[in-house]
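Student: Generate the whole structure from the sequences, applying the supplied hints.
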Amino acid sequence: DAGVIQSPRHEVTEMGQEVTLRCKPISGHDYLFWYRQTMMRGLELLIYFNNNVPIDDSGMPEDRFSAKMPNASFSTLKIQPSEPRDSAVYFCASSLGTNYSPLHFGNGTRLTVT
Amino acid sequence: AQSVTQLDSQVPVFEEAPVELRCNYSSSVSVYLFWYVQYPNQGLQLLLKYLSGSTLVESINGFEAEFNKSQTSFHLRKPSVHISDTAEYFCAVSDPLRGGSNYKLTFGKGTLLTVNP
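Residue numbers (the numbering used here), protein chains in the order written: chain S, 5 to 118; chain F, 5 to 121.
Hints listed in this document are in silico derivations from the structure and should not be mistaken for laboratory results.
For glycine and all other residues, C-beta sits at the position ideal for the given N, C-alpha and C.
Please note that the accuracy of each hint is not assured.
Said to hold, decoys possible - Derived contacts from chain F toward chain S, CB cut-off under 7 Å, selection only:
no.: 1; residue: Gln46
no.: 2; residue: Leu48
no.: 3; residue: Lys73
no.: 4; residue: Lys113
Tutor: This is the structure:
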């Protein structure tokens, strides 16, 4: 089991550019979560999917953020256009939908918007 | 919505000393509680969890946490820490998801534990 895989590990971009973050959940997990981590706000849940369907996106900051899960093994989080205040570490996590199984996190993508 | 308060943002201790990392949550209903650990440049890893049953739960590396419903607390303790325990520790509380038996987590802001020689 390779765990949750995120790419890229680091992303540096200029304000106004489009950024796409990628996530491959653990095979067989049917829940996928995107979290954002900053010093000021800690870990915030942005959106989560169940069986590839977005269930709750109330944590998405604004319309510049969008997330998709075209199949069970891949999800993207897109920011367009990016702004300096989007700089953070973005984590993807997945879990089984039974027996309150734990969340398994990827190593995160550190995004810097200049 | 749930909220989690970790009272200490940083806790420096010496090796082999005991440590307690404090966590309080806001809910008055049944909840599930978790501690996650984050080592530098890595994602969060589950350390231990309380779902039901005994209020004292233990991890494989010597940490334990006690669920105290009356005080809405879930403090993490270790009687003797090692240098390798240096990491950031996050307390989290469950929020039931719509349908199903899974949950989403609301995290505290974390406590950086630094173990010095």
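Student: Can the hint on F:Lys113 be confirmed by a CB-to-CB distance to chain S that is less than 7 Å?
Tutor: Nearest chain S Cβ about 4 Å off; hint holds.
Student: Next item in the hint list is F:Gln46. Is there a CB on chain S closer than 7 Å to its CB?
Tutor: holds, 5 Å
Student: Under the criterion of a CB-CB separation shorter than 7 Å, is F:Lys73 in contact with chain S as hinted?
Tutor: violated, 18 Å
Student: Quick check on the hint: F:Leu48 CB to chain S CB, less than 7 Å?
Tutor: holds, 5 Å
Of the numbered hints stated above, the single one contradicted by the structure is hint 3.
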